[in-house]
Amino acid sequence: MPTVSLTVNGKAANATVEGRTLLVQVLRETLKLTGTHVGCDTSQCGACVVHVDGKPVKSCTVLALQADGCAVTSIEGLSQGADLHPMQQAFRDCHGLQCGFCTPGMIMTAVDIAKRHPEADEATIRRELEGNLCRCTGYANIVKAVQTGAAAMRQG
Amino acid sequence: MNHVANPTGIGASVKRVEDLRFVRGKGRYTDDIRLHGETHAYIIRSPHAHAKIAKIDTSRAAAAAGVVMVITAADLAKLGGLPCGWLIHSKDGSPMKEPKHPVLAEGKVRHVGDSVAVVVAETLAAARDAAELIEVDYEPLPAVIDMSKAAAGPALHEASPNNQCFDWHIGDEAAVKDAFAKAAHVTKLELINNRLAPNAIEPRAYIADFIQATGETTLYTSNQNPHVIRLLAGAFVFQMPEHKLRVIAPDVGGGFGSKIYHYAEEAIVIWAAGQIGRPVRWTSDRSEAFISDAQGRDHKTVVELALDKDGKFIGLRADTLANVGAYLSTFASVVPTILHATLLAGNYTTPAIYCNVKAIFTNTVPVDAYRGAGRPEATYLLERVIDLAAIETKRDPAELRRINFIAPSQFPYQTPVALQYDTGNYGRTLDMALAAAKYKDFPTRRAEAKARGKLRGIGIANYIEACGIAPSAVAGALGGRAGGYESGAIRVNPTGSVTVMTGSHSHGQGHETTFAQIVSDKLGIPFDQVDVVHGDTARTPFGMGTYGSRSIAVGGSALIKAMDKIIAKGKQIAAHLLEVSDQDVVFENGAFTVAGTDRKKTIGEVAFQAYVPHNFPHDKLEPGLEEQAFYDPKNFTFPAGTYICEVEIDPDTGVTKVVDFTAADDFGRIINPMIVEGQVQGGLAQGIGQALLEHCIYGADGQLLTGSFMDYAMPRADDLPMFKISTTDTPTPCTHNPLGVKGCGEAGAIGSPVALINAVVNALSEFGVKHIDMPATPQAVWRAIQTAKSKT
Ligand code: FES
Ligand code: FES
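Chain order of the listed sequences is A and B.
Position one of the first sequence corresponds to residue 144 (the working numbering), numbered consecutively onward.
Position one of the second sequence corresponds to residue 10 (the working numbering), numbered consecutively onward.
If you are wondering where the hints come from, they were derived from the structure by calculation, not from laboratory data.
A portion of the hints provided could be inaccurate.
[Claimed, not checked] Straight line, CA to CA, 25 Å or less: simulated BS3-like cross-link-like pairs of lysine-lysine: (1) B:K35 / A:K154; (2) B:K666 / A:K287; (3) B:K733 / A:K287; (4) A:K198 / B:K35.
Predicted, not measured: the structure shown is a model, and the values here were computed from it.
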C-alpha cells in the first residue's frame, strides 16, 4: 500500500493508505486528530474543512494521496499554547456554537473568509458560509463571530 | 430579578464552559472514541419499501477477508423488539396496534433502509466490501405511502390489517357540534404538516464494549437520555440486568429529538460485542441517516373554526391523519396525540374543542418527535385557520387573536383539552412583537416593495407549548410507560468545590454552563468551582434525559431541591461549630451566619468539617456533604409568545425571502440570556427551514427522493435573516417550580413555520391566495400565483 507524507499542524506525518483512503480518515483515524468532523457524504456540510497549503478544503472530498507533500492545518493546529486563535475566541464570545459539531469546520472556513475579506459585511459572510451547515445556531451568531474574529485578526 | 451581585449567577450571560474544548476541536463525540481491538459494523439495508425476504445467503460474506461475523435476524431470535414508550388507546377503548419492531428485519422489510443484516469486520472497508457479497432475495410488495389510501393495503403488519395504529380522540364532540350549529361564521382549511429529517450534523454513532471478566457492557451512544436507553435496551431488548449495562452519551452533536430513541443499531453493537468479546462500533453516514433516523411531523389535517358574530372563537374541530412510518418508534404514539391535540386551545378561550387523530402505518422511515413534537403541528393548524378566519371575516389578524386571548386574570386556566395553564400574559408578548416588528407601518413597507416589483407580506402567530415533561402521575394516566421526573445530585467536595451530577443531558444546550450558574447562584460559590457531570449512567443518578424543553424546568429544579438539602445539613453543621441552635443560622452569599451577627462559617469550612469530622454533631448527622434529589413536576410549564414574520416574494420566480423576523417569548425566568437567545435563533432556523425549504418526499414506490443534502434543502446562512428576539423580558414566571422557569428549546421551531406561511399568504393576498402548503418553495409559490391568476 502507498504511503503519504504530510506536514500536519507543523509536524511531519506519514501514513500508509489505500487508494480510496480520504484525507479526513488519515487525520481522524491515523493521526487521531478527531477535531475534524464528518457530517455528510456528499461534500455539503463543511464539518470537515481543513486548510491544505493555506486553502480551505473539504477533507472528506480529498484523497489522502492527493494531499501527498502538502501542509495541512486542522482545527487543532489553529492556536498554539493556552491562547485561542482570534476566530476561536470570537466564536465563543459571540455564542457562535451550540453542540460544537460543525464548529471546527466553521472556524476553519471563517479564518479563510477573514483572510480574503477582512472587512466582510453580513451578506458576504452569509454567502461565503454556503458550504458549511449548522443545525443548531440559526447562523446569526456565526455571522457575528466571523465579523468579530475578522476584526480581531486585522488587529492581530 | 436578575442578581447583579453574582456575575456568574442566574440572569447573567456567562460565556459557555463547553466552548473551550469545542472551539479547539477537543470535543469528545462518540465517533472520536477509539477502543483497543475494536471491530466495525456495517449494516445491509433494504432497497425496497415493502418486500418479503425469501432468502438471505451470507456464506460468501462470512468467508471474506477481515470478516469477524455476519448477523441476520435468525441470530437474534432471543432478543425482544424495540419498545414503544407510550400506550395510546383508541376511542373504542382498544389499545393501539403495537407490532414488533425487530432489531433486524424478520421475514419482511417495511421501509427503504430497514436493517436486514450486519457484517462485523476488522475494518470498515472490509465490512463494506463483504456486505456486497450478501445475497438477499426479495419478493417486492406494493408500498403503502399515501396515508389516505393506507386502508386498502397491503398490510404492513399482521396485527393491523387496515394499517391503522390507533383512532384516538379528545374533547367534547357534541359540544363542538352545537357550537358549529350556532356559529356566525365557519372557516375550514385542509393542510399538511410536511415531513422533516432532523439532521443533527453529528450522525448517530454507537460503540459497545463487553468485558468478559465482569460481564459488563459499556455502550457509547450519541443519545439524549442515556438512562432511558439503558432501561429500554436492558429490560426490553436484552432482558439483561441493568447494572450490567453502562451507557455513556459523551459530547453529542445535536439531537432535536432524533437521538432520544432506542435504535436498532444500538442493540446490534451491544449484541455483537457480547458475542465476539471485542468492541464493536458503528457510525451512520448521512445517506443512512436519511433512511434510518426517525423523521418528524407528517400530518394531514382538516381543521374548522367556528366564530360568533363578534369574532369570538366558539368551537374548533380537527381531523388528523398522522404518519407513524413502518414501525412505532420510542415516542411515536404520544407525539400526534397528547403532545399535539392538548395544545389546540392555544392562547385562546375557545370553549369547545374536539380532535380526532388516526395514526397510520406506511412503508416509510418511522416518525417520532422532532423539535417541538406535536406542538408545531398544533400551532400550525390553529394559527393558520385563525389567519384565514381573519381574512374571511375581514378582521385584523392581530386583533382577532387579541379578542380571543385568555386574560391574565383567568389563570389558572383549564382548557377543554385537558391542560391547565398556570400563568401567562399573551397580550404582553403580542404588544412586544407588534412594536418590535413595526406592524403599524407595514403598509408603507408593502407599498415600497410593490414599487420595486416585490410582494411583501406580514404574518403573525401566537404559540403556546407544554414543556417540562411531565408530572409522572399525569403521564401514567395518559399512557406513559415511564416517569417524568429528573434527578440531580450535589457533592460539595472537601475543599469546597462542587460536583453536580444530573440526569439531564446536554447536546448543544449548554447545561455545563447554565447548571453551574444555578449552583453558583444558590450556594454562593464561584462558577469556576462548579463542575457539571452528565451523560454517564455510572456517574449520574437515574434520570430521564433531555427533550421537550425540560432540562432547566425539571432537571434544574432537582438541583434546587438537592441544594436545599445541602443547606439544611450545612446549617446544622455550622450551628454546631458556632455553638448556636440550628434556627439561629441563616445561609446567604455562600456562608452560614448567625442571624444578626458577623459570626459565620463559609460553605467551604462547613464542607471540610463534614469530611474531616473531628468537631461534628455525630449524634444527629452523618459525615459528608452530598445530597441527591428527584424532582417530579406538579404541572407542565407553558412558554408562550408571539412571532411576526415579514417576507418579500419575487412574483416572477416565486422566490420568497424572509426579510424580517420578530420573536417575543415568555419563558418565565431566564438563567442565561445569551444561551436562551441562541436557542430561539436555532429553533427559528429550523422552523423557517420547515416552512420554506425542507421536505422528505417519498415516491409512490417508497423510495426517499430527498435522501441527501443535495436533495433535501437544509437552511444555510444566506437563507436566513438576523432575528429580532426579545426574551429577557419575562412577564410571568412559572408558578410551580422553584426556579420560575418554563423552558425555551423548542419555541422557535413551534411558532415560526406558521408565522412564515401566514406572511406568504398575506403577500399573495392580491391574487386571492388563501393557503399554501409547506414548504413554500419558489415552485410552489409561483404555481400558487399562476393558479390564482388563471382563476380570475
Ligand atoms: S463531511 Fe460534509 S462536507 Fe465533508
Ligand atoms: S453548533 Fe451544532 S451543528 Fe453547528
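Now the hints, each set against the structure:
1. A C-alpha spacing of about 18 Å is found between K35 (chain B) and K154 (chain A), which places the hinted pair at or below 25 Å, so the restraint holds.
2. Between the alpha carbons of K666 (chain B) and K287 (chain A) the distance comes to roughly 21 Å, so the proposed pair stays at or under 25 Å and holds.
3. Restraint check: the Cα-Cα separation between K733 (chain B) and K287 (chain A) comes to about 14 Å, which is no more than 25 Å; the hinted pair holds.
4. Proximity of K198 (chain A) to K35 (chain B) is assessed by CA-CA distance (about 22 Å); at most 25 Å being required, the pair is judged to hold.
The structure agrees with every numbered hint stated previously.
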